[in-house]
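Going down the list, the sequences are from chains Y and Z.
Numbered according to this note's numbering, the first sequence spans residues 1 to 395.
Numbered according to this note's numbering, the second sequence spans residues 1 to 271.
It is worth saying that the hints were derived from the structure and are not from the lab.
Hints may contain errors.
[As the list claims (entries may be wrong)] Restraint-style ranges between C-beta atoms, simulated for each label pair:
#1 Y/D249 - Z/S177: 41 to 47 Å
#2 Z/R152 - Y/S251: 28 to 34 Å
#3 Y/N113 - Z/S177: 24 to 30 Å
#4 Z/S177 - Y/D79: 49 to 55 Å
#5 Z/S177 - Y/S251: 40 to 46 Å
#6 Y/D79 - Z/P206: 54 to 60 Å
#7 Z/G216 - Y/K286: 55 to 61 Å
#8 Z/I263 - Y/S317: 27 to 33 Å
#9 Y/D192 - Z/E157: 52 to 58 Å
#10 Z/E245 - Y/D68: 34 to 40 Å
#11 Y/L260 - Z/F235: 42 to 48 Å
#12 Z/D214 - Y/S115: 49 to 55 Å
#13 Z/R192 - Y/S317: 20 to 26 Å
#14 Z/D79 - Y/I12: 40 to 46 Å
[Said to hold, decoys possible] Pulled a few chain Z residues facing chain Y out of the computed Cβ check, cut under 7 Å:
#15 S149
#16 N220
#17 T229
#18 F235
#19 V242
Here a beta-carbon is modelled for each residue, glycine too, at the ideal position from N, C-alpha and C.
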Amino acid sequence: MSYVTINKEACIGCGACVDVCPQSALYMKDDKVEVNEKCNLCGACIDACPVNALSIPREIKDSACLADYRGVWVLVEHDGKKPVNVTYELIGEGRKLAEKRNTYVGVVLLGNNVSHMIDDLGSYGADKVFLCQSPVLEHYRTEAYGDVIVDMVKAYKPEIVLSGATTQGRDLAGFVATILETGLTADCTGLDIDENGNLLQTRPAFGGNIMATILCPNTRPQMSTVRPKVFPVPEKTDKKPEVINFDFDFSKITIRTEVLEYLPFEEKISLADAEIIVSGGRGLGKPENFEIIKEFADTIGAAVGASRAAVDAGWISYEHQVGQTGKTVRPKIYIACGISGSVQHLAGMKHSDIIIAINKDPEAPIFKVASFGIVGDVMTIIPLMTKELKKRMNA
Amino acid sequence: MRVVVCIKQVPDTTEVKINPETNTLMREGVQSIVNPFDEFAIEEGIRIQEKFGGEPIVITMGPPQAEEALKTALAMGCDKAYLVSDRAFAGSDTLATAYTLASAIKKIEQTDGPVDVVLCGKQAIDGDTGQVGPGIAVRMNIPPLTYVSKIREIDPEKKTIIVERLMERGKEVVKCSLPVLITVVKDINSPRYPSLFEIKKAAKKPMIKLGLADIGIPENRTGLKGSPTWVNKVFSPELKSVNGEIFQGDPEECAVKLVDRLINLGKGVSL
Numbered sequence: 001m002s003y004v005t006i007n008k009e010a011c012i013g014c015g016a017c018v019d020v021c022p023q024s025a026l027y028m029k030d031d032k033v034e035v036n037e038k039c040n041l042c043g044a045c046i047d048a049c050p051v052n053a054l055s056i057p058r059e060i061k062d063s064a065c066l067a068d069y070r071g072v073w074v075l076v077e078h079d080g081k082k083p084v085n086v087t088y089e090l091i092g093e094g095r096k097l098a099e100k101r102n103t104y105v106g107v108v109l110l111g112n113n114v115s116h117m118i119d120d121l122g123s124y125g126a127d128k129v130f131l132c133q134s135p136v137l138e139h140y141r142t143e144a145y146g147d148v149i150v151d152m153v154k155a156y157k158p159e160i161v162l163s164g165a166t167t168q169g170r171d172l173a174g175f176v177a178t179i180l181e182t183g184l185t186a187d188c189t190g191l192d193i194d195e196n197g198n199l200l201q202t203r204p205a206f207g208g209n210i211m212a213t214i215l216c217p218n219t220r221p222q223m224s225t226v227r228p229k230v231f232p233v234p235e236k237t238d239k240k241p242e243v244i245n246f247d248f249d250f251s252k253i254t255i256r257t258e259v260l261e262y263l264p265f266e267e268k269i270s271l272a273d274a275e276i277i278v279s280g281g282r283g284l285g286k287p288e289n290f291e292i293i294k295e296f297a298d299t300i301g302a303a304v305g306a307s308r309a310a311v312d313a314g315w316i317s318y319e320h321q322v323g324q325t326g327k328t329v330r331p332k333i334y335i336a337c338g339i340s341g342s343v344q345h346l347a348g349m350k351h352s353d354i355i356i357a358i359n360k361d362p363e364a365p366i367f368k369v370a371s372f373g374i375v376g377d378v379m380t381i382i383p384l385m386t387k388e389l390k391k392r393m394n395a
Numbered sequence: 001m002r003v004v005v006c007i008k009q010v011p012d013t014t015e016v017k018i019n020p021e022t023n024t025l026m027r028e029g030v031q032s033i034v035n036p037f038d039e040f041a042i043e044e045g046i047r048i049q050e051k052f053g054g055e056p057i058v059i060t061m062g063p064p065q066a067e068e069a070l071k072t073a074l075a076m077g078c079d080k081a082y083l084v085s086d087r088a089f090a091g092s093d094t095l096a097t098a099y100t101l102a103s104a105i106k107k108i109e110q111t112d113g114p115v116d117v118v119l120c121g122k123q124a125i126d127g128d129t130g131q132v133g134p135g136i137a138v139r140m141n142i143p144p145l146t147y148v149s150k151i152r153e154i155d156p157e158k159k160t161i162i163v164e165r166l167m168e169r170g171k172e173v174v175k176c177s178l179p180v181l182i183t184v185v186k187d188i189n190s191p192r193y194p195s196l197f198e199i200k201k202a203a204k205k206p207m208i209k210l211g212l213a214d215i216g217i218p219e220n221r222t223g224l225k226g227s228p229t230w231v232n233k234v235f236s237p238e239l240k241s242v243n244g245e246i247f248q249g250d251p252e253e254c255a256v257k258l259v260d261r262l263i264n265l266g267k268g269v270s271l
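Work out the full structure: start from the sequences and follow the hints.
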């Protein structure tokens with residue numbers, strides 16, 4: 001079948017594409033580029049080519065029926081009492097997209113006795129609330145929630161559906177998009193709209209080493225899960241939303257799962273909600289040294305985070321991991337101790353308001369994003385800072 | 001009890017570096033490995049089969065060289081491997097991949113018998129989507145249980161399973177009927193290292209290739225044609241330098257200066 005298409009006439013043999021190919025599928029032969037069977041059509045080479053000699057054979061289908069789809073939807077995630085923050089963040093971002101498309105922002109609220117959240121959702125910017133309530137929806141279950149949303153989408157045809165890139169959001173969106181046979185882009189960190197109404201979905205890939213912008217030109221809705229804490233929570237207004245009650249016949253579906261119980265973590269301060277986070281990394285040297293990080297964090301009322309290196313070494317549990325494969329955080333202050341600042345770590349904390357870095361390597365990438373920092377050994381600096389802070393607090 | 005483990009061969013993204021001058025990926029010396037999350041799925045599949053009997057099957061979709069990943073799974077203790085590979089599959093996004101893999105598993109069921117548990121890692125470290133697992137479940141019409149950190153019990157008679165799912169703020173205990181698709185997180189077990197003897201033994205285990213014609217799916221539902229999402233642009237993440245105030249020199253002086261700044265910043269925060 002197909003590989004990336006090479007226009008040999010246009011190719012100037014510069015080799016730029018060879019350097020960027022993550023699969024090592026491109027090579028030079030007689031001053032022209034050639035492709036081998038490793039090509040998986042990822043498209044990384046297309047933009048690298050200065051003379052547009054590379055392309056992927058794509059078909060754009062007739063877009064007439066796509067115009068029937070209007071509205072930007074956000075799938076509400078909640079704990080039965082109130083929505084989680086990423087829902088508000090997405091309503092805010094959804095508003096921007098909706099304005100560009102001259103359409104409305106709708107939210108999908110499912111659960112049992114959840115109508116008290118309607119006004120709250122409206123105050124953050126939702127124009128319409130699509131509501132379905134039933135004892136069957138008491139706990140989140142993929143099949144029950146997914147089947148309702150599939151029917152809602154078929155009935156109201158939104159052009160964009162966003163959900164948080166949380167365990168629930170990813171689980172739900174993956175299920176819904178597959179049934180609808182539409183495109184889903186995971187874990188987006190940037191969203192925009194082009195002139196044709198295509199959602200430009202930007203996300204980190206390759207462990208955060210590269211960014212990719214994904215399109216879904218031929219099917220609707222365009223679906224994305226969006227990483228929490230990337231977009232700010234919008235300002236509240238006193239707007240009241242329109243409510244659309246959606247009837248769903250639960251007798252027509254079989255739900256094969258049953259939630260037996262929920263066991264919440266005993267977290268002192270939740271990393272996701274903390275205003276200040278103190279994180280430790282490889283520079284701590286050994287697990288016992290995390291104690292000085294914890295003491296420092298306690299002194300200033302901060303939550304404790306960690307880099308993947310520290311978690312992989314078994315110094316601290318996975319719940320504390322910040323980064324591409326851990327949590328994304330957006331505290332007011334993020335203090336990185338003995339963390340060099342790999343792309344994978346930066347992906348999880350670079351949206352923090354203020355970053356402070358303590359590292360003995362002055363060349364460490366973390367200093368690039370740090371507003372304040374000290375070049376020095378964390379094992380010396382942190383105890384000194386703890387001591388100084390305690391002294392001032394007592395004064 | 002029949003278990004199928006889905007795995008992916010990935011570049012070891014932790015070894016990938018960016019060339020600071022050209023701002024491009026430096027892939028020299030980057031090894032292809034079994035996606036780390038899939039190793040937990042392989043281990044769990046083997047443990048289920050050790051407990052309840054049966055031979056764990058491992059399957060991957062990818063280019064011919066993905067056979068290496070299957071060999072690792074066979075050495076760990078899987079008994080049979082399927083390589084789903086065809087040029088027609090190239091360029092598949094998560095929707096097309098899930099469709100192709102689910103179709104392949106349904107094909108395998110025709111020869112090996114019905115599958116009770118399909119296992120996947122929670123996501124692959126190159127794409128980080130976590131979408132293929134739930135997608136396979138939908139296509140096979142079985143329930144997905146994602147982010148599973150523990151299998152509490154399996155009742156082969158009643159055909160039920162109870163698992164713990166790892167969520168952001170707690171664990172959820174869920175009961176479900178079999179067959180089921182499970183995606184696992186790394187808390188679930190510690191994957192075994194194959195011994196030399198097992199690596200040798202693995203070479204004799206069956207490795208079956210399945211192409212487009214073997215699976216019997218239409219060409220327009222897989223590969224580029226079956227993929228609604230397109231990669232439009234790929235670029236390096238830009239690190240905006242903030243030119244911050246970085247102190248050097250006497251540790252005590254530095255610490256005092258930074259505490260000054262911290263207390264100033266902390267006025268808006270609950271410091």
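Consistency of the hints with the structure:
For the pair Y/D249 and Z/S177, the beta carbons lie near 21 Å from each other, so the given range of 41 to 47 Å is not met. Here the CB-CB span from Z/R152 to Y/S251 is close to 30 Å, well matched to the stated 28 to 34 Å. For the hinted restraint 24 to 30 Å between Y/N113 and Z/S177, the CB-CB distance of approximately 28 Å keeps it satisfied. At about 27 Å, the CB distance of Z/S177 to Y/D79 disagrees with the hint of 49 to 55 Å.
A C-beta distance of roughly 18 Å is found between Z/S177 and Y/S251, which places it outside the suggested range of 40 to 46 Å. Evaluation of the 54 to 60 Å hint for Y/D79 and Z/P206 yields a failure: the beta carbon distance comes to about 48 Å. Separated by about 57 Å at the C-beta atoms, Z/G216 and Y/K286 satisfy the suggested range of 55 to 61 Å. The hint said 27 to 33 Å for the Cβ distance between Z/I263 and Y/S317, and at roughly 31 Å that hint holds.
Distance hint for Y/D192 and Z/E157: a CB-CB separation of about 54 Å, consistent with the stated range 52 to 58 Å. Distance hint check for Z/E245 and Y/D68: the Cβ-Cβ separation is about 55 Å, which falls outside the suggested range of 34 to 40 Å. Range check, Y/L260 to Z/F235: Cβ separation about 46 Å, and the 42 to 48 Å hint holds. At roughly 52 Å, the beta carbons of Z/D214 and Y/S115 sit within the given window of 49 to 55 Å.
Taken as a hint, the range 20 to 26 Å holds for the pair Z/R192 and Y/S317, whose Cβ atoms sit roughly 22 Å apart. Between Z/D79 and Y/I12 the beta carbons are some 52 Å apart, a value that contradicts the proposed interval 40 to 46 Å. For the restraint placing Z/S149 at the interface with chain Y, the shortest Cβ-Cβ distance is roughly 10 Å, beyond the 7 Å limit, so the hint is violated. Taking 7 Å as the C-beta contact cut-off toward chain Y, the hint placing Z/N220 at the interface is violated, the least distance being around 10 Å.
Given hint, Z/T229 at the interface with chain Y, holds; its Cβ is 4 Å from that chain's nearest Cβ, closer than 7 Å. Hint status for Z/F235: holds, given a least beta-carbon distance of 5 Å to chain Y, under 7 Å. Annotation: interface hint on Z/V242 holds; nearest CB of chain Y at approximately 6 Å, less than 7 Å.
The structure fails to meet hints 1, 4, 5, 6, 10, 14, 15, 16 from the earlier list, while all remaining hints are met.
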